[in-house]
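A.B. asks: Position chain B against the provided structure of chain A, taking the given hints into account.
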Amino acid sequence: MITLFSAGAIAVMVTMALAVARAIAGPTIFDRILAVNMFGTKAVLLIALFAFISGRMDVLDIALLYSLLNFVGVIAALRLVQRGKGFADEHEDRA
Amino acid sequence: MNWIDIITGIFISIGCVFGIIGGIGMHRLPDFYSRLHAGGLTDTLCSFMILCGLALQAGLTLAAAKLLLIFLFLFFTSPTASYSLATNAWQYGLRPQGTPSQPRTSDGGQIE
Numbered sequence: 001m002i003t004l005f006s007a008g009a010i011a012v013m014v015t016m017a018l019a020v021a022r023a024i025a026g027p028t029i030f031d032r033i034l035a036v037n038m039f040g041t042k043a044v045l046l047i048a049l050f051a052f053i054s055g056r057m058d059v060l061d062i063a064l065l066y067s068l069l070n071f072v073g074v075i076a077a078l079r080l081v082q083r084g085k086g087f088a089d090e091h092e093d094r095a
Numbered sequence: 001m002n003w004i005d006i007i008t009g010i011f012i013s014i015g016c017v018f019g020i021i022g023g024i025g026m027h028r029l030p031d032f033y034s035r036l037h038a039g040g041l042t043d044t045l046c047s048f049m050i051l052c053g054l055a056l057q058a059g060l061t062l063a064a065a066k067l068l069l070i071f072l073f074l075f076f077t078s079p080t081a082s083y084s085l086a087t088n089a090w091q092y093g094l095r096p097q098g099t100p101s102q103p104r105t106s107d108g109g110q111i112e
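Chains A and B supply the protein sequences, listed in that same order. Using this note's numbering, the letters of the first sequence map in sequence onto residues 1 to 95. Using this note's numbering, the letters of the second sequence map in sequence onto residues 1 to 112.
A few of these clues could be false.
[As the list claims (entries may be wrong)] Cβ pair distances, simulated, as ranges: (1) A/Ser54 / B/Trp90: 41 to 47 angstroms; (2) B/Thr99 / A/Asp58: 46 to 52 angstroms; (3) A/Leu68 / B/Thr87: 20 to 26 angstroms; (4) B/Leu72 / A/Met1: 20 to 26 angstroms; (5) B/Trp3 / A/Ala7: 42 to 48 angstroms.
Simulated from the structure, these hints should not be mistaken for lab results. Backbone N, C-alpha and C define an ideal beta-carbon position, used for all residues, glycine too.
So that you can see chain A by itself, here it is in the shape it has in the complex (with noise of 0.2 angstroms):
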């Protein structure tokens, strides 16, 4: 089962790899907002299955975690890029 587990958590993370790879290479800001979104599912993957590797239950609570914070930061850098063009030019202040 060990072995198991590891070849998925190797799997999951060829997949964020391929993610970041995704994220630096990204013509426009969604696509690298949406690979960072990705990259986040595939680490609570990761997270839950190195739970079931170490036989530590309790490391799920920080898969859940996580995933709550993948989602607040995805909305939050929506949110930046969307008010005022990510602040990107200073001179353009909306209220």
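C.D. replies: Positioned in the frame of chain A, the structure of chain B alone reads:
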């Protein structure tokens, strides 16, 4: 290797295959809006498979309840995040590749 382990193996391998397919889809698909599909697909299906396989392995314990909570949360928030991503991208002016009107260049440049 009783039948629970076999089913766990099947579920986790299918979940990992879908995860890698989604990761490859993030690179193969040409446009942000089609990449959104790849991102959204893997989030829900891959996590369902893997968490289901782990829950089978955990049996009826607190860990399985936590896994169910994680899955329920991912199940409800991932489509919401994809939706808000698409809405914000549309309002920002990013149009899918095929549409004639391209007020903004695809690399997110400003409107001239």
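A.B. asks: With reference to the structure, classify each hint as holding or not holding.
C.D. replies: Verification of the supplied hints:
At about 43 angstroms, the CB distance of A/Ser54 to B/Trp90 agrees with the hint of 41 to 47 angstroms. Between B/Thr99 and A/Asp58 the beta carbons are some 50 angstroms apart, a value that agrees with the proposed interval 46 to 52 angstroms. In this structure, A/Leu68 and B/Thr87 meet the distance hint of 20 to 26 angstroms, their C-beta atoms being roughly 21 angstroms apart. Between B/Leu72 and A/Met1 the CB atoms are about 25 angstroms apart, so this pair conforms to the stated range of 20 to 26 angstroms.
Between B/Trp3 and A/Ala7, the C-beta spacing of about 20 angstroms breaks the proposed range 42 to 48 angstroms.
When held up to the earlier numbered hints, the structure conflicts with hint 5 and nothing else.
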